[in-house]
Amino acid sequence: MKYIFKILRYDPEKDEKPHFQEFIHEPCPADTVMEAMKDIRDQQDPTLSFRYSCREAICGSCAVVINGHTTLACLQSVAALGTTEIVIEPLPNLEIQKDLYVDMDPFWEALEKIEPYIHNEGEVPENGHEIDEAEMDKIYQFISCILCACCYSACPVASRDGRYLGPAALAKLYRLVQDPRDQRDYTSWRQVNAEDGVWGCDTVFKCNDVCPKEVRPADGILALRRKIFVSELKHIFKRKP
Amino acid sequence: MLSHDILIVGGGLAGLAAALESDPNLKVAVISKVHPLRSHSVAAQGGINAPLGNHPDGADDSWEKHTFDTIKGSDYLADQSAAELMCRSAASAIYELEHMGVPFSRFPGRVIAQRPFGGAGFPRTCYAADRTGQVILHTQFEQSLKKNVKFYDEWLVTDLLIHNDRCLGVVAYDLKSGEILPLKARAVIFATGGYGRVFLRSTNAFINLGSGLGMAYRAGVPLKDMEFVQFHPTSMFGKNILITEGARGEGGYLLNNQGKRFMEDYAPSAMELAPRDIVARAIQTEIDNGRGFEDQYVHLDLRHLGKEKIDKRLPSIRDICINFGGFSPIEAPIPIQPAQHYSMGGIDVDETCASPVPGFFAAGECACISVHGANRLGGNSLLDAVVFGSIVGKTASEYVKGSQEFPDSESYILQKSLNRKQELEDKAKQDSGENVFQLLNRLKAFMSDKVGIFRNQKDLSEALEQIAQLRQDFKKSYIRSSCLRYCQEFVTFSEFDSMLDIAEVITLGALNRTETRGSHFRTDFDKRNDAEWLKHTLMTQKEAKPEINYREVEIGKYQPVERKY
Ligand SMILES: Cc1cc2nc3c(=O)[nH]c(=O)nc-3n(C[C@H](O)[C@H](O)[C@H](O)COP(=O)(O)OP(=O)(O)OC[C@H]3O[C@@H](n4cnc5c(N)ncnc54)[C@H](O)[C@@H]3O)c2cc1C
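Line by line, the protein sequences are chains B and R. Residues 1 to 241 in this note's numbering are what the first sequence lists, from first letter to last. Residues 1 to 565 in this note's numbering are what the second sequence lists, from first letter to last.
Do not rely on the hints blindly, as some may be mistaken.
To be verified - Result set (DSSO-like, lysine-lysine): computed pairs, CA atoms no more than 27 Å apart in a straight line: (1) R:Lys527 to B:Lys138; (2) R:Lys427 to B:Lys14; (3) R:Lys421 to B:Lys6; (4) R:Lys239 to B:Lys6; (5) B:Lys17 to R:Lys475; (6) B:Lys14 to R:Lys309; (7) R:Lys475 to R:Lys421; (8) R:Lys527 to B:Lys2; (9) R:Lys176 to R:Lys527; (10) R:Lys429 to B:Lys14; (11) R:Lys394 to R:Lys458; (12) R:Lys309 to R:Lys239; (13) R:Lys527 to B:Lys113.
These are computed hints drawn from the structure, not numbers from a lab. This structure is a prediction, so every number in the text was calculated from the model and none was measured.
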């Protein structure tokens, strides 16, 4: 079956603004949008540019907007879209660089702000750490995050406030502070107790809707709020003689 | 000019391990053509080996037994002291990863969980469900942020610069600005991963074009044992997405069209958990003899494992089947066929990861030390990447601190980058010829067809002819993009040059090796021949032609015997 692919194109050296280009292409029945785009590039227009790598929904390179829905191009089957007209656009909330390439720097910068690593200064224990399966189970949901930025792009708060840390970074923080190996003190992450942190979230759960890995980042944000509440109480308590 | 003490090319497991282990007082940077988290390592599923003895059946495990399994699995082509070094370092490497924050799955005694894998005498594969690569790479990346490692993300290295027998740096293409720039370095480490996409059917990421190997080769560094290409037994039919060996480790069956567990005819005691070369050939033989489905695949059946185990231990496999196959492995068997998976061969380096050229080092899948010989065991390559990634970080640091003089090389480096730029501009001026993506598709098709699991003289010779033809056509190909920012066409164009060299070295090595060993199976020479072939192939480019040499295998405690499983 023939499909019309309308792909947003932008050449920063020539174009004043992005425009759609149409390609007629007949994908194989089981093709994903990414495979179709690669074939279009190989057969029709080698100048078409987009990010890709693993093609199995684990590297997080290829997030785009397909017929209005934010997802990974490698995860979206063409046939499942139920229409022969397919519109492909770059991620919103991040600046377009060329074709479907967006500037990911703001996303990575937000991540760095939460100090996204285990805080443990001790030596490596000789026979490893002792950790319960149940404790790992609690964070497993958040470990599935591949940092593809689907959530960041779909988030209405990130769209209007560039300082907002966004769902992925906050969910990552929750995963870390819940880890039994992490010894960070509440005062070291207290800065997320703010409007550009956990209180920025509108709780419209767009992030949960679009996450291709079922991370449900908003669960992490809400859990952080509860944790902050308890930590603040403890903090106040501690300061009083 | 950009200048570093150590420049690490590659942000996968090996590259990041090197960055974390390099001397923090040196000026170190990681350069990668994709953001490090998009590296192929992220896709590793099943796990990483270490003889921790946490499994009830693994209490008697030891690094010696791990070493023996590795050597036997290699069909005795591994250098035994190198295999020993890796296995001795395994347990501490795992504990270090755990300490960095890797969320390994656990066993009831609050210890790291382990599962059985192919070719291993004990269950020794540590895992995090079936996303082991993802959690290790993300954790290493987190640690790199903590240590303020300098990254050049989305920079493609196009040339390795070696002059007067000394490594001087690289030329690289910055995707964001579209510029081609020289980078000076006292030491260069390649951790550029595998070349899977030289083949049509491959489990590798689309970006695994292997240019690191080609650049090293063109700069005069020997490639070793390149004819040994691992074909993984179980890739999902159609898309060739990997179905981890962990699926068989958890108890999955391989069934032919008569519903028979056919591995009993090939490896009666190890069954589905024989080494990969043996299982891949068994599957292909079943298919070739009409016992497959649609003459293309057999079944991997997980249904008897039950929903709970599949959900808990193999959630990514479940999702891959649902998302890419449209069925659930809880309800239906998985159609699988062998596909290219891993490169045992690579850049010739010693146990310290030093190449014959001062200042040039390599680790991870692009390197060949050799620990995997003619066939790698599952779970040993993440270990290789982590252990030798750390070692190369130390080796390069010591090299930089120990060398007094560094030649003044700026004019040479600058000239090389101008040459690369000029070539690009010339190609962009041309206006006819085949585009490089089409050439690549042609290469892949005949490599899978003629240099695959079963090889013979006729096919291999034909493949060499086709490579020569492609070289001619490549000369005439051109670049259509005028905007060089984020230009995938240029990336592929630059890497394709390397792919032709890699294809040639693999094929020529396979043609010359008139025996069968590990992954290299010659239908016209179907026995192992230790008298003549217990040696490594070394291929060096001399005047644009491959020169072949051989080197004895280093045998230690274990004398070669026939492999039986
Ligand atoms: C699907 C799959 C599953 C696997 N599962 C397992 C498993 O469970 N256990 C196991 O032990 N092994 C497994 N393996 C093998 C293992 O994942 C790889 O061998 C290992 O991850 C390689 O790591 P690396 O760091 O050497 O290379 P990679 O992770 O491939 O990294 C290569 C890096 O080099 C960069 N690069 C390459 N060329 C250039 C260039 N020209 N310029 C700039 N940068 C460049 C890339 O951007 C990337 O950052 C699996 C392999 C596959 C394909």
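A quick look at each hint next to the structure:
1. Distance check on the hinted pair: Lys527 of chain R and Lys138 of chain B sit about 52 Å apart at the alpha-carbon level, beyond 27 Å; violated.
2. Of the pairs offered as hints, the one joining Lys427 of chain R and Lys14 of chain B holds, with about 20 Å between alpha carbons and a cut-off of 27 Å not exceeded.
3. Of the pairs offered as hints, the one joining Lys421 of chain R and Lys6 of chain B is violated, with about 33 Å between alpha carbons and a cut-off of 27 Å exceeded.
4. Straight-line distance between C-alpha atoms of Lys239 of chain R and Lys6 of chain B comes to about 25 Å, which keeps the hinted pair within the 27 Å bound.
5. For the given pair, Lys17 of chain B sits about 36 Å from Lys475 of chain R by alpha-carbon distance, which is inconsistent with the 27 Å threshold.
6. At most 27 Å may separate the alpha-carbon atoms for a hinted pair to count; Lys14 of chain B and Lys309 of chain R exceed this at roughly 55 Å.
7. Taken as a hint, the Lys475 of chain R and Lys421 of chain R pair is honoured in the structure, with Cα atoms around 16 Å apart against an allowance of 27 Å.
8. Simply put, Lys527 of chain R and Lys2 of chain B have alpha-carbon atoms about 51 Å apart, too far for the 27 Å limit, and the pair is violated.
9. For the hint pairing Lys176 of chain R with Lys527 of chain R, the CA-to-CA distance comes to about 52 Å; that exceeds 27 Å, so the pair is violated.
10. Proposed proximity of Lys429 of chain R and Lys14 of chain B is supported: the alpha carbons are some 18 Å apart, at most 27 Å.
11. Proposed proximity of Lys394 of chain R and Lys458 of chain R is contradicted: the alpha carbons are some 46 Å apart, above 27 Å.
12. A hinted pair counts as satisfied when its Cα atoms are at most 27 Å apart, and Lys309 of chain R with Lys239 of chain R qualifies at roughly 25 Å.
13. Straight-line distance between C-alpha atoms of Lys527 of chain R and Lys113 of chain B comes to about 59 Å, which puts the hinted pair past the 27 Å bound.
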